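Q: Guided by the hints, dock chain B with the ligands onto chain A, whose structure is given.
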Amino acid sequence: MQDFTPLQGLRRNKISGVSFSTSRETFPYDESCTLKVKFGVDGGIRDSFRHEIWMDAHKRNDKYIRITYKLEIKKVYAGLALKSLIKPVKAVKKASIYWTRNPEMVNLFEKKVWALIIDERRTTHIPATEEEARKKLFEFEASFQILGADVGVGKHTLRAQVGASWGKHIFSEKGTVSGNSSSIKITCT
Amino acid sequence: MAQIEDIKFRQTSKFGKDLRQGEQFIRLTQSICPECNKILPATIFEREEKVFMRKTCSQHGEIEELYFGSFEMYKRFSTFWIDGKGTLAPNVPMEKCACPTNCGLCTNHLSHTGLSNIIVTNRCDLTCWYCFFYVKKGLEGAYVYEPTTSQITAMVKTLRAERPVPGNSLQITGGEPTLRDDLADIIKIIRAEGVDHIQLNTNGINLALDPDLATRLKQAGLSNLYLSFDGVTPKTNPKNYWEVPYTLESCRKANLGVVFVPTVIKSINDHELGDILRFAQENMDVVKAISYQPVSLTGRMSKKEREKYRITIPDCIDRIEEQTDGQVTRDDWFPVPSCSPVTHFIEAFTKKPQYDLSIHFACGAGTYVFEDSETKKLVPMMSFVDIPALFEYLEEKTDELNSGASSYLIAAKFLSHINGFVDKKKQPNGLSFAKLLTNAILKHDYSSVGQFHIRSLFLGMMHFQDKYNQDEERLQRCDIHYLTPDLRIIPFCSFNVIPEWYRDRIQQKYGLPIAEWEAKTGEKLEQALYRGTLRRANRHQPASCGTNEVRIEPITGT
Ligand code: SF4
Ligand SMILES: [Zn+2]
Numbered sequence: 001m002q003d004f005t006p007l008q009g010l011r012r013n014k015i016s017g018v019s020f021s022t023s024r025e026t027f028p029y030d031e032s033c034t035l036k037v038k039f040g041v042d043g044g045i046r047d048s049f050r051h052e053i054w055m056d057a058h059k060r061n062d063k064y065i066r067i068t069y070k071l072e073i074k075k076v077y078a079g080l081a082l083k084s085l086i087k088p089v090k091a092v093k094k095a096s097i098y099w100t101r102n103p104e105m106v107n108l109f110e111k112k113v114w115a116l117i118i119d120e121r122r123t124t125h126i127p128a129t130e131e132e133a134r135k136k137l138f139e140f141e142a143s144f145q146i147l148g149a150d151v152g153v154g155k156h157t158l159r160a161q162v163g164a165s166w167g168k169h170i171f172s173e174k175g176t177v178s179g180n181s182s183s184i185k186i187t188c189t
Numbered sequence: 190m191a192q193i194e195d196i197k198f199r200q201t202s203k204f205g206k207d208l209r210q211g212e213q214f215i216r217l218t219q220s221i222c223p224e225c226n227k228i229l230p231a232t233i234f235e236r237e238e239k240v241f242m243r244k245t246c247s248q249h250g251e252i253e254e255l256y257f258g259s260f261e262m263y264k265r266f267s268t269f270w271i272d273g274k275g276t277l278a279p280n281v282p283m284e285k286c287a288c289p290t291n292c293g294l295c296t297n298h299l300s301h302t303g304l305s306n307i308i309v310t311n312r313c314d315l316t317c318w319y320c321f322f323y324v325k326k327g328l329e330g331a332y333v334y335e336p337t338t339s340q341i342t343a344m345v346k347t348l349r350a351e352r353p354v355p356g357n358s359l360q361i362t363g364g365e366p367t368l369r370d371d372l373a374d375i376i377k378i379i380r381a382e383g384v385d386h387i388q389l390n391t392n393g394i395n396l397a398l399d400p401d402l403a404t405r406l407k408q409a410g411l412s413n414l415y416l417s418f419d420g421v422t423p424k425t426n427p428k429n430y431w432e433v434p435y436t437l438e439s440c441r442k443a444n445l446g447v448v449f450v451p452t453v454i455k456s457i458n459d460h461e462l463g464d465i466l467r468f469a470q471e472n473m474d475v476v477k478a479i480s481y482q483p484v485s486l487t488g489r490m491s492k493k494e495r496e497k498y499r500i501t502i503p504d505c506i507d508r509i510e511e512q513t514d515g516q517v518t519r520d521d522w523f524p525v526p527s528c529s530p531v532t533h534f535i536e537a538f539t540k541k542p543q544y545d546l547s548i549h550f551a552c553g554a555g556t557y558v559f560e561d562s563e564t565k566k567l568v569p570m571m572s573f574v575d576i577p578a579l580f581e582y583l584e585e586k587t588d589e590l591n592s593g594a595s596s597y598l599i600a601a602k603f604l605s606h607i608n609g610f611v612d613k614k615k616q617p618n619g620l621s622f623a624k625l626l627t628n629a630i631l632k633h634d635y636s637s638v639g640q641f642h643i644r645s646l647f648l649g650m651m652h653f654q655d656k657y658n659q660d661e662e663r664l665q666r667c668d669i670h671y672l673t674p675d676l677r678i679i680p681f682c683s684f685n686v687i688p689e690w691y692r693d694r695i696q697q698k699y700g701l702p703i704a705e706w707e708a709k710t711g712e713k714l715e716q717a718l719y720r721g722t723l724r725r726a727n728r729h730q731p732a733s734c735g736t737n738e739v740r741i742e743p744i745t746g747t
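Just so you know, the sequences run in chain order A and B.
For the first sequence, this note's numbering assigns the number 189 to the last residue and increments by one with no breaks.
For the second sequence, this note's numbering assigns the number 747 to the last residue and increments by one with no breaks.
The shape of chain A in the complex, shown without the other chains (with noise of 0.2 angstroms):
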């Protein structure tokens, strides 16, 4: 890979966007309850992530980015998150910034270049804007299903720690980042 290019002006990058919600507040012992987590990735890394940087990316060889995300569901006493509910998951999402022949884009011969996304089920996506191509890449949802037995009869309260860290690349960096969400209850009887 070629030297890094500071990019001026980068924002700082930090988690957004953390939403962690229940499909029942309340359920019975036998039955189960999906969680589910939603969050991104907000900053300079994603700003970066546009045309004009793809462009000069793909002039440089530096043609494929992968974000790592983690994510981890724990049980809080005492308002501290101590106990593990949901071991750490780790998925990885990549795009691959490649030399279209789309005959639709615009200035074709000027602006070749585009990126696709490969998401963490291993499907990929070629986006219709720069917005979405963001969208799929800083963008990470999961859900999970437990079952009265995971958590026990009683009140609990959750919450979900989240990151995501990416390579060094001639628009960024290498870099990590963290958050946690706020705590949800809920009562299995």
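Because the hints were derived from the structure by calculation, they are not lab data.
The structure presented is a predicted model; accordingly, all values stated were derived computationally and were not measured.
Possibly wrong hints are sitting among the right ones.
What the hints assert, rightly or not - When the alpha-carbon atoms are kept at most 25 angstroms apart in a straight line, the in silico BS3-like pairs for lysine-lysine are as follows:
hint: 1; chain 1: A; residue 1: 112; chain 2: B; residue 2: 285
hint: 2; chain 1: A; residue 1: 59; chain 2: B; residue 2: 540
hint: 3; chain 1: A; residue 1: 112; chain 2: B; residue 2: 264
hint: 4; chain 1: A; residue 1: 112; chain 2: B; residue 2: 602
hint: 5; chain 1: B; residue 1: 602; chain 2: A; residue 2: 70
hint: 6; chain 1: B; residue 1: 274; chain 2: A; residue 2: 112
hint: 7; chain 1: A; residue 1: 168; chain 2: B; residue 2: 540
hint: 8; chain 1: A; residue 1: 168; chain 2: B; residue 2: 274
hint: 9; chain 1: A; residue 1: 174; chain 2: B; residue 2: 285
hint: 10; chain 1: B; residue 1: 602; chain 2: A; residue 2: 87
hint: 11; chain 1: B; residue 1: 264; chain 2: A; residue 2: 136
hint: 12; chain 1: B; residue 1: 274; chain 2: A; residue 2: 59
hint: 13; chain 1: B; residue 1: 541; chain 2: A; residue 2: 59
hint: 14; chain 1: A; residue 1: 90; chain 2: B; residue 2: 264
As the list claims (entries may be wrong) - Chain B stretches covered by chain A per the calculated footprint, using a threshold of three residues with CB under 8 angstroms from any CB of chain A:
hint: 15; segment: 259-267
hint: 16; segment: 285-299
hint: 17; segment: 550-562
Unchecked claim - Here are a few chain B residues that face chain A, going by a calculated C-beta distance under 10 angstroms:
hint: 18; residue: 216
hint: 19; residue: 228
hint: 20; residue: 529
hint: 21; residue: 577
hint: 22; residue: 579
All residues carry an ideal CB built from backbone N, CA and C; glycine is no exception.
A: Quick look at chain B with the ligands alone, frame taken from chain A:
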């Protein structure tokens, strides 16, 4: 923060609009009109779980063609879409991208040469009905094309001048290259220029007729044969069904490896893909690989005719699964560019550019199979190596290396993890995959790759394009290239798909009209034709699987 302009890639799609009910849009690309070669917008879409291409020429109307026989496999393969390094020494400076005009390689090409081809003659000793390649009398503008050894030297030098990765793999092709008396000298010349891998594309007949030829070519520096082999019955393989056993015998003696190359045509030989594999398995001591090649449809063909013969990579893979009773399944295959995680890891580890097989995912696929010494069943590599997990791991470590991690630390991590990807209970006896990969990746010792101590076969597949399914996104990534005397390096799927712009023009420019060639050499073109000596002899075991039942049926076209 700077305002981010949101560039639109796909609008309401004035081209994509021609989707019909039951069709799902996949992507837009460019192709050509099969009649007039005009560059056209083309839509790739899904219908009934298959992938099609549709394009419309204002003059010649709409053309729809099967592009990939399984949408599911298309989706899996597309996750390996990654552009290559290209070459920093292009021969055709182009400001704008205008594939497929002016190939050679141009500034915009995205893969360096993976396998180069030199046509040493366009004469052939056979006259197969479906072949468009050999020179024949009676055709207007037919030229005998046989580059001189000094032209060949110059072509190889051009290949070696590619940067950052000099071309290192070359196929001598034809016509039938063994018609050149100086073939051994040509091989020596290519070796002397530093090419490590030289393969000979042949019908094998002259190697069957002259049992010492294989030894002479091997001694000159030949690496292996790329042997045309279309089937295990005389009907499917009129070309060399009777001769191949002799060819294999010669190669056995010469210790020269063989790759079987079946051209697969639906309704002609697609029912024999499993039998071809079994025949290769029986001869695994000398046959090292099979390269199945779904036919590319040349010439003017009606839609009905195309549907009769058209077969694509997933269709062949499915036939192999059926015809091997599930020994080699569709999930065992990976697209060629899936090698990228390994290449990129070695690149990051050594900090040196590496040979990269960065073709389009729809161009080719491959897998490795091993023979279980007890059951004699084929065991695909996927059944004992968790390849997707291994690739993920290598990608992660590549990122770490590129972000400044110590290569010693990464090597230590790699060594401690590699066994975790291998299921030793299922791994065939005599094979240590972990050791092999460690040698290749960390010590750069590739000598053991492909030379497993147990019986193994590499199965490959490449679907060369034609004017009906031609896709510029594939062409721009092509790494099978022709070297030509004008010192161009022309992608295979330009050279052969639009012969009027490339192949025929080159052969005309650097060849001799037949009469002139005959006067100059004192030979007649037809003198070289094979007279079927070994067919008449009828004293040997022909090329079928483990039986004596020889099904003799009328041979058409030879
Ligand atoms: S020869 Fe054709 S099929 Fe093969 S890599 Fe090149 S473009 Fe693809
Ligand atoms: Zn036309």
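Q: Work down the list of hints and note, for each, if the structure agrees.
A: Taking the hints in turn, this is what the structure says about them:
1. Distance check on the hinted pair: residue 112(A) and residue 285(B) sit about 10 angstroms apart at the alpha-carbon level, within 25 angstroms; holds.
2. Straight-line distance between C-alpha atoms of residue 59(A) and residue 540(B) comes to about 18 angstroms, which keeps the hinted pair within the 25 angstroms bound.
3. Under the criterion of a C-alpha separation no larger than 25 angstroms, the hint pairing residue 112(A) with residue 264(B) is consistent with the structure, at around 23 angstroms.
4. About 39 angstroms separates the Cα atoms of residue 112(A) and residue 602(B), which puts this hinted pair outside 25 angstroms; it is violated.
5. About 21 angstroms separates the Cα atoms of residue 602(B) and residue 70(A), which keeps this hinted pair within 25 angstroms; it holds.
6. With a CA separation close to 16 angstroms, the supplied pair residue 274(B) and residue 112(A) stays within the 25 angstroms bound.
7. Proposed proximity of residue 168(A) and residue 540(B) is supported: the alpha carbons are some 15 angstroms apart, at most 25 angstroms.
8. With a C-alpha separation of about 19 angstroms, the suggested pairing of residue 168(A) with residue 274(B) holds against the 25 angstroms cut-off.
9. Straight-line distance between C-alpha atoms of residue 174(A) and residue 285(B) comes to about 34 angstroms, which puts the hinted pair past the 25 angstroms bound.
10. Between the alpha carbons of residue 602(B) and residue 87(A) the distance comes to roughly 23 angstroms, so the proposed pair stays at or under 25 angstroms and holds.
11. With a CA separation close to 17 angstroms, the supplied pair residue 264(B) and residue 136(A) stays within the 25 angstroms bound.
12. Between residue 274(B) and residue 59(A) the CA atoms are separated by roughly 9 angstroms; this keeps the pair inside 25 angstroms, and the hint holds.
13. Restraint check: the Cα-Cα separation between residue 541(B) and residue 59(A) comes to about 18 angstroms, which is no more than 25 angstroms; the hinted pair holds.
14. Distance hint between residue 90(A) and residue 264(B) is fulfilled; the C-alpha atoms sit about 22 angstroms from each other, no more than 25 angstroms.
15. Coverage of the segment 259-267 of chain B by chain A holds. Counting CB-CB distances below 8 angstroms, 3 residues qualify, and the rule asks for three or more.
16. Remark: the segment 285-299 of chain B is confirmed as covered by chain A, as 5 of its residues place a Cβ nearer than 8 angstroms to a Cβ of that chain, reaching the required three.
17. Only when three residues or more bring their CB closer than 8 angstroms to a CB of chain A does the claim for the segment 550-562 of chain B stand; here the count is 0, and the claim is violated.
18. At a threshold of 10 angstroms, the smallest CB-CB gap from residue 216(B) to chain A is about 6 angstroms, leaving the interface hint in force.
19. The interface hint given for residue 228(B) holds, since its Cβ lies 9 angstroms from the closest Cβ of chain A, which is under the 10 angstroms cut-off.
20. A hinted interface residue such as residue 529(B) counts as satisfied when its beta carbon comes closer than 10 angstroms to some beta carbon of chain A; here the least separation is about 8 angstroms, so the hint holds.
21. Restraint check, residue 577(B) versus chain A: the minimum CB separation of about 8 angstroms is within 10 angstroms; hint holds.
22. Nearest Cβ of chain A to the Cβ of residue 579(B): about 14 angstroms, over the 10 angstroms cut. The hint is violated.
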